[in-house]
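Heads up: the protein sequence lines correspond to chains A and B, in order.
If you're matching positions, the first sequence starts at 2 in the working numbering and goes up one per residue.
If you're matching positions, the second sequence starts at 7 in the working numbering and goes up one per residue.
These are calculated hints, taken from the structure and not from any lab test.
Glycine included, each C-beta is placed from N, C-alpha and C at the ideal position.
Be a bit skeptical, because a hint or two may be false.
From the structure, some residues in chain B lie toward chain A, with a derived Cβ separation under 7 Å [unchecked claim]:
| id | residue |
| --- | --- |
| 1 | F45 |
| 2 | P46 |
| 3 | K48 |
| 4 | A106 |
| 5 | K111 |
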Amino acid sequence: ETGVTQTPRHLVMGMTNKKSLKCEQHLGHNAMYWYKQSAKKPLELMFVYNFKEQTENNSVPSRFSPECPNSSHLFLHLHTLQPEDSALYLCASSQEVRPLGLFFGEGSRLTVL
Amino acid sequence: QQQVKQSPQSLIVQKGGISIINCAYENTAFDYFPWYQQFPGKGPALLIAIRPDVSEKKEGRFTISFNKSAKQFSLHIMDSQPGDSATYFCAAADSNSGYALNFGKGTSLLVTP
């Protein structure tokens, strides 16, 4: 495995379900990010982790709960989501917590019914 | 408030033509301006980036032109090929005081044979 890997690639869930998105980076980077990509909107930064410590929570609703057990793995736990949360969720990593050299995964396409 | 404005939203160019995508920003603290390329079903990938100390950067068929006084920058794709058909995002960041990339809304480019 190389780069940034995200699973699952597609997820359909009801509003009362609990699910998790997983991200793993094989680049030896120290910083990891969650971005939300919605149609016709700019990519939105959700969370930033540096060496497992959360350094940014960009006013994200509490129904999204991130977890970073180590600098190679990042999770996004989802519960009681709304249909407007349907989007492509992108994980990214970088060598340090700077906007330079950001590597993205292929994303997890989430549909909330 | 959208930090980076990108145009056009979509673009159709014939094979061999020049594709031009424009972006504008307001924050004079921005000092890093990357372009990302995203193919369907894939995550964004860094294509080329520029710092404001130069007015132009070229990598193969891709060129960034930067106008600091106008706070504008653009991507030129020379000799456009069908394989260049993708969505292109410009972004801007203050690399010294933050880690957030401010993205434009994207331009969907179609290069026809």
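Could you work out which of the previously given hints the structure breaks and list their numbers from low to high?
1, 2
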